[in-house]
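The listed protein sequences correspond, in order, to chains F, W and G. Per full-length UniProt numbering, residue 1 is the first one in the first sequence, and the count goes up by one each step. Per full-length UniProt numbering, residue 1 is the first one in the second sequence, and the count goes up by one each step. Per full-length UniProt numbering, residue 1 is the first one in the third sequence, and the count goes up by one each step.
These are computed hints drawn from the structure, not numbers from a lab. Incorrect hints may appear among the rest.
[To be verified] BS3-like, lysine-lysine: derived pairs with alpha carbons at most 27 Å apart:
hint	chain 1	residue 1	chain 2	residue 2
1	W	K28	F	K28
2	G	K28	G	K86
3	F	K28	G	K28
4	F	K28	F	K86
5	W	K86	W	K28
6	G	K86	W	K28
Computed from a predicted structure; not experimentally measured.
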Amino acid sequence: MHLSYINVLELLGTFAFAISGATAAINKSYDVIGLLTLSFVTAIGGGTIRDLLIGATPVAWMQDELSNTAIIVAAIIAALFFSYVKRLHQWLTVFDAIGLAMFTVTGINKGIAAGLPMPICVALGAITGTFGGLLRDVISGEQPILFTREIYAAASIAGGTIYVAGTYYNADADFIQSIAVAVIVAIRLVSLRYNWQLPRLRG
Amino acid sequence: MHLSYINVLELLGTFAFAISGATAAINKSYDVIGLLTLSFVTAIGGGTIRDLLIGATPVAWMQDELSNTAIIVAAIIAALFFSYVKRLHQWLTVFDAIGLAMFTVTGINKGIAAGLPMPICVALGAITGTFGGLLRDVISGEQPILFTREIYAAASIAGGTIYVAGTYYNADADFIQSIAVAVIVAIRLVSLRYNWQLPRLRG
Amino acid sequence: MHLSYINVLELLGTFAFAISGATAAINKSYDVIGLLTLSFVTAIGGGTIRDLLIGATPVAWMQDELSNTAIIVAAIIAALFFSYVKRLHQWLTVFDAIGLAMFTVTGINKGIAAGLPMPICVALGAITGTFGGLLRDVISGEQPILFTREIYAAASIAGGTIYVAGTYYNADADFIQSIAVAVIVAIRLVSLRYNWQLPRLRG
Numbered sequence: 001m002h003l004s005y006i007n008v009l010e011l012l013g014t015f016a017f018a019i020s021g022a023t024a025a026i027n028k029s030y031d032v033i034g035l036l037t038l039s040f041v042t043a044i045g046g047g048t049i050r051d052l053l054i055g056a057t058p059v060a061w062m063q064d065e066l067s068n069t070a071i072i073v074a075a076i077i078a079a080l081f082f083s084y085v086k087r088l089h090q091w092l093t094v095f096d097a098i099g100l101a102m103f104t105v106t107g108i109n110k111g112i113a114a115g116l117p118m119p120i121c122v123a124l125g126a127i128t129g130t131f132g133g134l135l136r137d138v139i140s141g142e143q144p145i146l147f148t149r150e151i152y153a154a155a156s157i158a159g160g161t162i163y164v165a166g167t168y169y170n171a172d173a174d175f176i177q178s179i180a181v182a183v184i185v186a187i188r189l190v191s192l193r194y195n196w197q198l199p200r201l202r203g
Numbered sequence: 001m002h003l004s005y006i007n008v009l010e011l012l013g014t015f016a017f018a019i020s021g022a023t024a025a026i027n028k029s030y031d032v033i034g035l036l037t038l039s040f041v042t043a044i045g046g047g048t049i050r051d052l053l054i055g056a057t058p059v060a061w062m063q064d065e066l067s068n069t070a071i072i073v074a075a076i077i078a079a080l081f082f083s084y085v086k087r088l089h090q091w092l093t094v095f096d097a098i099g100l101a102m103f104t105v106t107g108i109n110k111g112i113a114a115g116l117p118m119p120i121c122v123a124l125g126a127i128t129g130t131f132g133g134l135l136r137d138v139i140s141g142e143q144p145i146l147f148t149r150e151i152y153a154a155a156s157i158a159g160g161t162i163y164v165a166g167t168y169y170n171a172d173a174d175f176i177q178s179i180a181v182a183v184i185v186a187i188r189l190v191s192l193r194y195n196w197q198l199p200r201l202r203g
Numbered sequence: 001m002h003l004s005y006i007n008v009l010e011l012l013g014t015f016a017f018a019i020s021g022a023t024a025a026i027n028k029s030y031d032v033i034g035l036l037t038l039s040f041v042t043a044i045g046g047g048t049i050r051d052l053l054i055g056a057t058p059v060a061w062m063q064d065e066l067s068n069t070a071i072i073v074a075a076i077i078a079a080l081f082f083s084y085v086k087r088l089h090q091w092l093t094v095f096d097a098i099g100l101a102m103f104t105v106t107g108i109n110k111g112i113a114a115g116l117p118m119p120i121c122v123a124l125g126a127i128t129g130t131f132g133g134l135l136r137d138v139i140s141g142e143q144p145i146l147f148t149r150e151i152y153a154a155a156s157i158a159g160g161t162i163y164v165a166g167t168y169y170n171a172d173a174d175f176i177q178s179i180a181v182a183v184i185v186a187i188r189l190v191s192l193r194y195n196w197q198l199p200r201l202r203g
């Protein structure tokens, strides 16, 4: 099996998403079933919702042995070395941003292939990148981080818009994809560094 | 583009559903991502679950530019003019009842087209009309209004049963649809006016 | 209509799952809409998620009159005779274990028929057997029992692994299915009897 650098980036993202699900399970003192379920849901939830919405079944993760292995490894590592994993927080944040970017691009590609309108493709990219975390929070009974903290979906939408627009104007696929990924990762990490947030709504 | 009066009624309903999602987001002090997500989920959640259950993909909202525009406009209006929107409560209640009725009929029509049994068609109508609000409550961490307050799903089921029965006995489609819509809107608004509720269960 | 003993076992399981959903609705003082929704979601939620994931639509429960009748009967019995139903707890626990086992086998059979990898088939069996209860808890705002208490999904995975492995090695279908069902029911009931739990994770 040959792994392209794209596969490697996606695997890093999947790994980071799974760690985030495993961390939620550990913080809730769930058992190993909760650990595995939340790790999988966080890592593959966004892509699963995307596949269901466009009718791409069986959904992708059921036939993606590499991702599933990465998720199980992430869950085990998180459970066994939790205090160590917490110290890797900075790295995981970078991997998570990479995952957000790669998942966004994958979602958009599937939307384009399905012939969906451009804004819907951007939305599908954001759903792919962010709804796994939303499901993690809803299932574990937490208020969705997606709605209240940090620049996350907004980074996906910004980069996704660039990618969709570039594709529409026939930009070189590799080039525009790299730009989009870089924009998403940069917005995400810079916003974390300077603690940027979207304004909260007031009633 | 020619808009029939049915399209207009559906749009009013979609608008009211989206306002209800936006209101939930504003009450929770979510950010603009939460605002848009809850507005969309409330307005198109029921139809999306319906489409997934019967396998009608890509789900309808992904190709319904008019509804999506109405939802985004509703979210923006709710966010910018929240105190004003609250004063329009009476109108929104009427629009919401119209939405419940139109969504019920749309769901039943899709069930009939899919050749499903009659009681399932009624259920599919109720799912279309009410599960967007259920998703709104579950995602935002609230107890489902659908299960505890007011005559809502019951109105959908009453009108839906009339519609399905009329269709079965070959009643004129426009006629029976108008009756069903009128019944749902009437039950909903009268029950609100007189504060009717279904009895709560006791352990 | 001829009912095989397999149908009877599945119906007992469906009935017990629906009672568990109805009990949750009654404990929350929901109304009759909450009662019916939670009864159905608990009984058919796992199979519905399974069908959606593999693209088997319209999902099974929409065309399964017998199960739907059993669910409605269970909901009515639970609502009218709640104190009596609570005293039948021991029987319901046995029926619930049977349901877990039968649903696991059904889910695996669908996974095999869809040509999915063996570990995914085991997961699909566990999803079929357990995600109805997960949905019940998430919708009603409770922490998922699935993640914190008792040997439940683990029993499904143990029996499911035996069933998938036996099928792979061409064991007699009836024989290996009976073994798997017996293992799941036995693990579930013995673990309840001796109050076994999976270890909880610690941060």
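*What hint numbers does the structure not satisfy?*
Hint 6 is the one this structure does not satisfy, whereas the remaining hints hold.
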